[in-house]
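Trainee: Residue numbers for the sequence shown, in my numbering: 29 to 158.
Please note that the accuracy of each hint is not assured.
Unchecked claim - Below, simulated DSS-like cross-link-like pairs (lysine-lysine); rule was C-alpha separation at most 27 Å, straight line:
#	residue 1	residue 2
1	K83	K40
2	K82	K72
3	K72	K154
4	K40	K143
5	K144	K123
6	K72	K83
Hints in this document: simulated from the structure, not taken from any laboratory.
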Amino acid sequence: MSGETNLNTLLKNMTPVLNEGDYVYCTTPSLNNINTNDIIAFFKEEEAPTLILKKETADKLNLEYTYVAAWITLTIHSSLEATGLTAAFATALAKESISCNVVAAYYHDHIFVAKKDAERAMMALKRLSE
Numbered sequence: 029m030s031g032e033t034n035l036n037t038l039l040k041n042m043t044p045v046l047n048e049g050d051y052v053y054c055t056t057p058s059l060n061n062i063n064t065n066d067i068i069a070f071f072k073e074e075e076a077p078t079l080i081l082k083k084e085t086a087d088k089l090n091l092e093y094t095y096v097a098a099w100i101t102l103t104i105h106s107s108l109e110a111t112g113l114t115a116a117f118a119t120a121l122a123k124e125s126i127s128c129n130v131v132a133a134y135y136h137d138h139i140f141v142a143k144k145d146a147e148r149a150m151m152a153l154k155r156l157s158e
């Protein structure tokens with residue numbers, strides 16, 4: 029299953045879902061004390077690994093963060109080769125002055141927005157799919 033590539037189909041059927049909880053971006057020099065089951069996303073950057081974690085996990089591990097996010101999943105299986113989807117939803121959110129941080133995974137696109145903007149982001153994404 030390689031996922032959907034047609035932009036119109038993606039937009040019409042993307043069905044955003046707001047995941048429960050608060051999420052944060054952290055960096056850490058070592059992953060030794062972190063259970064990999066607690067990691068939402070991981071990216072190895074030159075400076076240090078970046079982790080996306082539940083806020084409560086970061087607090088428990090005493091990891092610093094400056095941004096508390098809501099996590100929105102677009103439930104359609106989008107292809108990694110699809111073009112235009114990220115641009116379309118980023119533009120829709122930008123029109124509402126909502127910053128977004130995107131993680132494209134194999135099955136779905138995941139959008140992290142400031143927690144305070146979660147409901148407005150959901151409304152903008154739902155309007156985009158109409």
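Trainee: All hints, please: hold or fail.
Mentor: Tested hints:
| no. | hint | result |
| --- | --- | --- |
| 1 | K83 - K40 | 32 Å, violated |
| 2 | K82 - K72 | 18 Å, holds |
| 3 | K72 - K154 | 33 Å, violated |
| 4 | K40 - K143 | 25 Å, holds |
| 5 | K144 - K123 | 16 Å, holds |
| 6 | K72 - K83 | 20 Å, holds |
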